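Residue numbers (the working numbering), protein chains in the order written: chain A, 685 to 970; chain E, 1065 to 1380.
Derived by calculation from the structure, the hints in this document are not laboratory data.
Treat the hints loosely; a few may be bogus.
[Said to hold, decoys possible] A few chain A residues facing chain E, derived, Cβ under 7 Å:
no.	residue
1	686
2	687
3	691
4	694
5	698
6	699
7	741
8	782
9	788
10	794
11	925
Predicted model, so just to flag it, every value in this text is computed and none were measured.
Glycine residues also receive a C-beta, built at the ideal position from the N, C-alpha and C atoms.
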Amino acid sequence: MYAAFRGELFKVVRRPGIWVLVGLFLGLAILIGYAITYLIYTFPPAGSNQGLPPGTTLSDFKVALYPENVVKQTLSQWGVLGGVFALIVGVLVQGSEYGWGTIKTLYTQRYGRLTMLFGKIAAMFVVVLVIVIGLFAVDAASSWIVALLDGKTSSFPAADVFLKAIGAALLIFSFWAVFGFGLATVFRQSALAIGLGLAYALVIELLIFGLLAGLGGGIVKSIQQWFPIANSSYLSAAFGQVRLRGVQGQPAPYADATHAVVMLLLYVIAFTTLSAWLTRTRDVTS
Amino acid sequence: MIDTSVRRPPAASLRGDKVVETHGLSKVYGKTITAVDRLDLAVYRGEVYGFLGPNGAGKTTTIRMLLGLINPTSGSASVMGAAPGTPASLIKVGAIVETPAFYPYMSGHDNLRLLAIYCGVPMTRVDETLQLVELTPRAKHKFSTYSLGMKQRLGIAAALLKEPDLLILDEPTNGLDPQGMADVRNLIIELGKGQRTVLISSHLLSEVELMCTRVGVIKKGKIVAEGTIDELRGAATLTVRGTPADLAQTVLVRDVGPENVTALGDGSFSLKVDAQRTAEINQHLVQAGVAVTELHMDERSLEDIFMELTGTEGGL
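Can you build the whole structure from these sequences, using the hints too?
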């Protein structure tokens, strides 16, 4: 399988589309997560303090941008939304093979289909790891710059917290990547897989449970705990929330981190198994 | 690779072991579309085997089954002694299936390097094969900028990369200009020498005629004829016209036997006879006092045979 993995790495390293996507994501992490937020908090528009708790201003929220909160800030911002980019990576890695017809080239070289598939999934996880490490790296750098600009002294969380957070983000993003990979395998193309994947990530689960919440929160939450976005949220929330003066914190997550890790792992295994089964049994007709 | 005055290699006098073998191989799509119908095929080591058939006859479906890309509905196949699509089979097989497919964002060179990684062959093979198909000057350019002919050449280079014992080429001259076709034809003949086996599907009959030692004709998923080109052609006929006709007939019957002479009317006769006897027959006719006005050998072309067998002009 090592040759298959090496071959897939050879491809992704040379594929501009993957790195444009990664660059875009990291750019957005800096821009949305820190640069724009910092500007708004530093130069608040007139009347922006209305609706805030008494005695607080927008600049009080800047604490969320400081190094001490980088893990919480990163996971709360990108725990779900960042998954969308991982989903696109997963779709691109697999779906393009069908689009270009290279799937037949791939499966007529040396190894069986499953070996090639697992080599590809392993290479995809490397890209996901690069995204996750890149995300924490740019967020850490951004938070350090913000503290520097504000002349504040703030220290980064301990290394083990960082490592756990990277592990959590890796699991969340891996789910999304494998989900995209599975969709591309099912539909044997990229366009439909990306469309459906984005629809699920941004609309379906959130919308359905949002609407159902009106019927009875307890029952809905007990069902929702088995779905991937909910578990991504539980896992992100397990790292705590940024404490803002005068602002009431979010309620504790419905399920704990262990539940979230198990569920996300099961989803990773399920979509990997689905892709493997389809790859092994289905005809290659493109 | 430039000499265009090629002739097909002689048929192997002794058949080696079977490198491709199918028994009752069938592929049915849905419940009604039978793409390949109980196909029994045998390709022997060292052959250049031509797989002929009109569009939609089942050539590509068969090739896909031989490479393990699609699963047969029933029947069995063995390629290089192993089940199609298994590592034991794939490592010995180089293939082009329809249009060669590569990664458009990588150069031809990088595409071959990638395949070399997959196949575990030394990187030196990449430059060798690129040189063989005369793609070296464009090797560092992106695949997406290649012409159809260059893509086809890269496909052949990829098929040769692992120095396979068996080459399976599906329409390898598609998209090539006449010079390119001649180059590929010569290359295939070269490759087919020795112990390497080539299975080539094509609808270009003249190509197959020049390259192949044995041919199988497929129609609606079934092999309708198989043999060497000469076997498929059958005996050549000699047409003779002479006057007086009755004297000519007497001489011809005496020379080749009544069962081999057919009167065509108008003083013409068709003779089933070895081409080497043409001069001798002419001499006998003249010595007997027959004025010979026409004398020529008629050899059926592969195109005639193909149209007879398939009832179509196919891709001609």
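Exercise. Minimum Cβ distance from residue 782 of chain A to chain E below 7 Å?
Worked result: Violated - the Cβ of residue 782 of chain A stays beyond 7 Å from chain E, reaching only about 10 Å at its closest.
For this session: Would you check whether residue 699 of chain A satisfies its interface hint, that is, whether its CB is within less than 7 Å of any CB in chain E?
Result: Since the shortest Cβ distance to chain E is 6 Å, the answer is holds.
Problem set entry | chain E contact restraint for residue 741 of chain A - C-beta distance below 7 Å | Where the cut-off is 7 Å and the nearest Cβ of chain E is about 50 Å from residue 741 of chain A, the hint is violated.
Exercise. With 7 Å as the cut and Cβ atoms as the points, is residue 686 of chain A at the interface with chain E?
Worked result: violated, 10 Å
For this session: Tell me if residue 694 of chain A is really an interface residue toward chain E, meaning its C-beta lies closer than 7 Å to one of theirs.
Result: holds, 5 Å
Exercise. Is the interface hint for residue 698 of chain A satisfied, with its Cβ closer than 7 Å to some Cβ of chain E?
Worked result: holds, 6 Å
Exercise. Was the hint right that residue 788 of chain A lines chain E, CB cutoff 7 Å?
Worked result: holds, 5 Å
Problem set entry | residue 691 of chain A as chain E interface residue, shortest Cβ-Cβ below 7 Å | Result: holds, 4 Å to nearest chain E Cβ.
Problem set entry | chain E contact restraint on residue 794 of chain A - CB to CB distance below 7 Å | With a closest approach of 5 Å, the residue 794 of chain A hint holds.
Exercise. Are residue 687 of chain A and chain E close enough, Cβ to Cβ, to be under 7 Å, as the hint says?
Worked result: Result: holds, 6 Å to nearest chain E Cβ.
Problem set entry | Restraint satisfaction for residue 925 of chain A [CB to CB of chain E, less than 7 Å] | violated, 43 Å
Of the hints listed earlier, those the structure fails to meet are numbers 1, 7, 8, 11, in rising order.
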